[in-house]
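S.K.: Line order of the protein sequences matches chains V and Z.
Using my numbering, read the first sequence as starting at 1 and increasing by one per residue.
Using my numbering, read the second sequence as starting at 1001 and increasing by one per residue.
There could be a bad hint or two in this list.
Unchecked claim - Beyond 12 Å from chain Z on every Cβ pair, some chain V residues (computed):
1) Lys44
2) Arg66
3) Glu72
4) Val100
5) Glu312
6) Glu363
7) Gly428
8) Gly487
9) Pro546
10) Ser568
11) Arg783
12) Asp815
13) Asp862
14) Asp934
Claimed, not checked - Some chain V residues close to chain Z (C-beta under 7 Å, calculated; not the full set):
15) Asp258
16) Gly517
17) Gly518
18) Asn872
19) Thr873
20) Tyr940
21) Ala944
22) Asp963
What the hints assert, rightly or not - What follows is a list of derived Cβ distance ranges for each label pair:
23) Lys1407(Z) <-> Lys635(V): 43 to 49 Å
24) Pro104(V) <-> Gly1096(Z): 51 to 57 Å
25) Leu1494(Z) <-> Gly531(V): 24 to 30 Å
26) Glu1105(Z) <-> Gly378(V): 54 to 60 Å
27) Met413(V) <-> Gly1096(Z): 38 to 44 Å
Since the hints were derived computationally from the structure, they do not count as laboratory data.
Source: prediction; values computed, not measured.
Positions of the beta carbon are idealized from the N, C-alpha and C atoms, including for glycine.
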Amino acid sequence: MRYFTTDLNTIITKSILAAICLSLPGIAESEVRFNRDIRPIFLKHCTACHGGVKEAGGISLIFRERLLIEGESGNIAVVPGKPEESELVRRIHSKDPDEVMPKPKHGPPLAKEEIAMLENWISQGAKWEEHWAFVPPMETKVSGLKDEAWVSQPLDRFVLKGIEDAGLKPSPEAGAAEWLRRVSFDLTGLPPTVKDVEALEADWENDDKKARENTVDKLLASTAYGERWASVWLDLARYADTFGFEKDPHRDIWPWRDWVIRSLNADMPYDQFTIEQLAGDLLPDPTPDQILATAFQRNSQTNTEGGTDDEEFRVAAVIDRVATTWTTWQATTFGCVQCHSHPYDPIAHDEFFEFMDFYNQSEDSDLNYEFPKLKLAGEEFVKLERETRTLREELDAEGHEISEVDWANMQDMALNPQFGTLEADDSGLIISEGTLRRGVVHKVSGLTGDFDAMKISIYPDSHDPKDWPEMGVMVTDFKMEKISTDGKRTPVPMGEIISDYLVGPSDPMSAFAQQPGGEKFKRFIGPGGHGSGGAGFGEYPRLTGPRWFVLLPEKRVVLGEGERVEVSLKQGANANESQGTYLRKFRVEVAKDDRYAALRSDPERAEKWQRVMSNRDRLAAMKGPEVPVMRDRMKSGQRDTRVFARGNRMTKEHTVKADVPDLLKQGYEGGENGNRLDLARWLVSGENPLTSRVMVNRLWGQLFGIGIVESAEDFGTSGTMPSNLALLDHLALRFQGQHNWSTKKALREIVLSSAYRQTSSTTPALIERDPKNQLVARGPRNRLTAEMVRDQVLAVSGLLSSKMFGSPVYPPQPDGVWNSVYNGAKWNESKGEDRYRRGIYTYLKRTSGFPGFLTFDAPSRDVCTARRIVSNTPLQALVTMNDPAHIEAAIAFAGKIRERGGSIGEQLGYAYLAATQIHPDTETVAELTALYEDLKKEDYTKSANLGPDPALTLTANTILNLDATLSR
Amino acid sequence: MNNLEQRLRLSELSQLTRRHFLSKCTSGLGAMWMAGMGQNAFGASTKLIKDPSHPLAPDIPQLPGKAKRVIYLHMAGAPSQHELFDYKPELEKLDGKECPKEFLEGKQFAFIQGIPKMLGPQFPFKQHGESGAWISDRLPHLATMADDICFIKSMHTDQFNHGPAQLLVHTGTPIPGGASIGSWATYGLGSENQNLPGFIVLTSGGKNPDAGKSVWGSGYLPSVYQGVQCRSEGEPVLYLKNPEGVTRDMRRRSLDTMDRLNQKIAQETGDPETVTRIAQYEMAYRMQMHATDAFDLKQEDAATHAMYATEPGKESFANNCLLARRLAERGVRFIQLFDWGWDSHGTGKDTALNEGFTDLCRRSDQPIAALLKDLKRRGMLEDTLVVWGGEFGRTPMRENRGGAEMKFVGRDHNPGGFTMWMAGGGVKAGTSYGETDPIGYEAIKDKVSVHDLHATMLHLLGYNHEKFTFPFQGVGQRLTNITKTGTKVVKGVLA
């Protein structure tokens, strides 16, 4: 059989059509179905010009209503029931090269059958169907099976139906050893031992069903289960141990990886697993684990490159979170909607930004210290932190209660700029211009009369909120002095700050830390400090809108005749690693009001401040790794989310509020004020048509090597059709229904099914009939994943450490692979058992992945990856033959082979069984023995360390490189 | 696994099964490979035919192509056209003046703020060769090769950040996931040397390109067509060497055993992947010898080293240029060099036009000229297409990051106009094609988009860019991006 490019489209279309017919059994041929018959024609010939991107002639074939309207030609594209009046029909028949569709330069004319199909469809009323994936799953009743006896799990009925409809029969059942190898790798990522094989084979004789069930239960209960399945989740979560981008520094986020492993091992239901990771922080009184879970979305990249716009990369991270959510839970390509409506699926441009609003409220902002973080110091830390935050908000709220204060400008105001100019208009608005330098101090003085409070209002440069946020504004150091008529200066001790709202890494109170006697305010300085952090008051790193701060001196400021007050506003912070955060437009006002005096002397308030301070000290004293997590800005400080014109964040349009697309609105209960928690609950509401399907498809894909929907990342109209929709829907409904989102239960059923238990040995005829094994008329046979390749060789050789969790480890890797130009990070090869840990614990640097993994198709973890495309290359052979780690394992394996004892043939037979779980025949043993005897004749005196019996090491290395060893 | 690979492997499997496994072939894999190659040799059709277990077998293009291989020199960061090739006396006159408003309206810059100042060319220009090409004094060696080069001065792109722009110029799309031009070339033409990767990537400047490894990714094409990053120091390909003391002969014996046991498995399971794996192990075995040889610069004489100004034992662009010639000689289809550091913003010494940029010119000028000369004297230039360029151009204004005049002199990103050049491989030598406006800001005459460039490169390799497609997500994907219209082969640069 030959393969020609010109035939591709036909083959693809045919296979799609075949797949659809297969999945929708029993539909009358005469009835035209939109999804089955019409949409593929549109996609193939039309939507490139008449889609969500280009609506040539005003016509889009994505939304039905956009098809039933008058196009720019003045004619109606589709008149239901009347093909003869439909412009679409006229155009596809036209002989005029200027009129005919598709235009000759865009593509070939429609085939006769396609034209007939379109005409029939219009005649029958042009009935629209939503794309299958956007319609809720439906249980199909399967009847008329020829081989009912084959069915052992409910899912088998659906598989068998597909097999029988294709005129095929299932393959014979795999033997105990073949099934055991497959199920062990699939569930735990590790091979079974020879003992496991022998034990199962013995049990199999008595009661094979029970033997299998016991085996599966044991595997599912093994801690290795979580380690194997975590790697699937980590690909989606784009987990890595570094920030990404140019400098790519280290990130401590491995505790989240451990959370995933623990949660999988505990079989946390998928709905809870989803909610905790997307919105654990928004649950009532969240536990440390629930907050830690939200690090899922902090796996986005942070750019620490000098001079990069923090806002640009904050937005990039937000968009990445949106795309990750859609790929992971909805298998829908959402990224394209950033710039225009979806080219294929009915999702509008604005809906992207409505969805973005869920993530746009997060407090993180591409800062080099990745604020906000959770310190892993137990329940106590989280409780104290929550209490402190609540107290702080209460303290501010008490201040807010004092409304309608008469704020007055200073009289005889004097402005003293250190650089540039400082001028006030008639209203007292002070404007700073010119070239400033970091650390600049603006001095403002005037006559005030006695006062209790000073209000500093900070305004953006632009009046137009579309231009916000602007560069941040930080007063890092605030001082107030009285100046007597003879010029004598007396510092005014400051007491507290009431803010409009709290945001960012530092408490505004930190602005007092550098005043005389300001020691006690040092505890309010956040992780970034004053210079490249957000200590002080203002907003950092970006000013999202007007802000105000009321500063209360320790007591009422009482001034003598002619005595002036001067405030010094130092601006010592840098954003974008290089740009000053200056006061550009601000106002300084004072007020005398007894209510402030009362506030100051309120003992309860003083007590609260005491608690805040002692809490902060205790929090600072606690020890533990700090992990970036999700935390939203306070309600009063929420960001405006605006539509970006053509996806460009520099040109913003109208504001939008958090929402999910209309297409998938079912189950959303966020209303007008939805947040991430509403988003998470919507995904797992049970009414979302995609979540469960996407998850079971992922499980199926991992076990069978290909998903029921092959394009696991795209269930939309541009993705592939399900090879067996009834099966997919059955699994999806069962997963969210009977199994109550239990992944282990879902997996258990699949691996015990007759479908999964078939032998993978097959015939060329069946391979030709179903090359990808989508009909599942044979068992799966897949290459091991990158992690399995490593873990297996360690397991078989007895080197594998069973140590779980903790900081990532550095197994041997060649020198010079890490090109860490801008950071001093080194690959410090691990010692002791850390050298032999499972692959999931290997250090993962984004810009320079672990070579052995990348070669075996592990992704770089830059973006969410829904499936690994398996390749088969010579570079893989070089890894398993020559990587010193593989040689080290071969030496250890040789040791184990020797320990087995017996003749060399018996030893090598054992080795073959240990590595492949295939009982070797005499021919195999003879081959291996001959190789060993042959290699034994060599002189190894000058060779590298190949162990006590180099010939056996090299023979072991040969066994470890066999196709049967690298496949499951 | 995609449809194509599966189907191809399948067809091959049935033949192999018949020919070898059932006959209990014991003569190793050599015969099998020969059979595969033999079949392919009469694939004289214009349609794309791929041998499944021999995916890089040399193939015949759709059309007669003049270029048999490509050496693509990418200067990551975007070198300034104003300081190298695009001489504008008008810009010289405007030097130091405030930028006129009309140049700023509706423009977006990466770093320029407010009203920047114009910046004249920083170095003197002269005409060179019979063609009279304008080249600045930064490139004295390249200037001697002016009559072999075709300059395209009217390049333009729609991306002005490095990552997306590098992706666009290498894969035809600014979004990760496209197939790189090297992948397309090897997918179409295979490689003339089965003992080396068909698409080799060499980097210098201490870093990978900004867009990361996606710029040599195979995207939706089978992963076997992705670029293989090799190293000019240490083992050229990771894990290439056998453990010390394990001879080639010992490895052969181990492989023979492996082959026989794998054939047995293939026969029992019928898995076409097993057949492919056998072939990949054989290729790895041959690669061990051939890659070591190809990367051994010691084999070159002193005169050659002097000509290229190589830096033995270092990762250097000069070494990579010499390696490129050695790999081209050995039939590698696509050789991609990335040199990092050309992002001359003037934010520091490294990125100042009169400092870091000048150093990069000095480091790259002689080796590039040497590469062209060397290819020419070996008669290889006529069928080797050499391409040089960055991902976009630079502004005729001086960068004023943060709104202030900076200590060093630099220019911001400019997608509107830039210069690339090509030589050899069917390109019209000694020409200059297209023009930018009088200040070198926007391409105005005979504009060439990145997709036009790709269409032209594919044309030179023997492919019609509109017919050279691969099915993915329901459409025939192509290097020149299915969503773009109006892409054309630039006839004016063809010999």
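S.K.: Identify every previously stated hint that the structure contradicts and give their numbers, smallest first.
M.R.: 1, 5, 11, 12, 13, 14, 15, 16, 17, 25
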